[in-house]
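S.K.: Work the whole structure out from these sequences, hints included.
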Amino acid sequence: MKIENLIKEKACTIVDVRSHEEFMGGHVADSINIPLGEIQQRMQEIENLKQPLILCCASGNRSGQAQQYLSQKGIHCHNGGSWLDVNYYQSQTS
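Take 1 as the starting number for the sequence shown in full-length UniProt numbering and just add one per residue.
It is worth saying that the hints were derived from the structure and are not from the lab.
As the structure is a prediction and not an experimental result, all values here were calculated from the model.
Treat the hints with caution; some may be incorrect.
[To be verified] Simulated pairs of lysine-lysine, DSBU-like, Cα-Cα distance not exceeding 30 Å:
1. Lys50 <-> Lys73
2. Lys73 <-> Lys10
3. Lys10 <-> Lys50
4. Lys2 <-> Lys50
5. Lys2 <-> Lys73
6. Lys8 <-> Lys73
7. Lys50 <-> Lys8
[To be verified] Each pair of labels, with its calculated beta carbon distance range:
8. Asn33 <-> Ser91: 16 to 22 Å
9. Gln92 <-> Arg42: 27 to 33 Å
10. Ser91 <-> Gln41: 27 to 33 Å
11. Gln72 <-> Met1: 18 to 24 Å
12. Tyr69 <-> Gln92: 26 to 32 Å
13. Gln51 <-> Thr93: 15 to 21 Å
14. Gln44 <-> Thr93: 24 to 30 Å
15. Gln40 <-> Gln92: 31 to 37 Å
16. Asn48 <-> His20: 19 to 25 Å
17. Ser59 <-> Glu4: 17 to 23 Å
18. Gln72 <-> Lys8: 25 to 31 Å
19. Glu9 <-> Glu38: 27 to 33 Å
20. Thr93 <-> Gln40: 20 to 26 Å
Where a beta carbon is used, it is the ideal one built from N, C-alpha and C, also for glycine.
M.R.: What follows is the structure, encoded as structure tokens:
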């Protein structure tokens, strides 16, 4: 299923991997902030989230790193790229 459809159907969890400060400056509604540097320490929390995860950041770089790491750990996730793109898809939900 395409990322846009997962978001529109609320069939995923959106995880923003930017810093807490960046997240507080603006983020996708209902998204969770788990900064890239905290992913290893918060694996138990991540494993309990509704999967698949849609990962986002400022440009798609950090979310790509997170996606690679989490996929290796068996987490079903996708790189959603920029949080602004994910926010746009989220705004299309009915």
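S.K.: Any of the earlier hints contradicted here, and which numbers?
M.R.: 20
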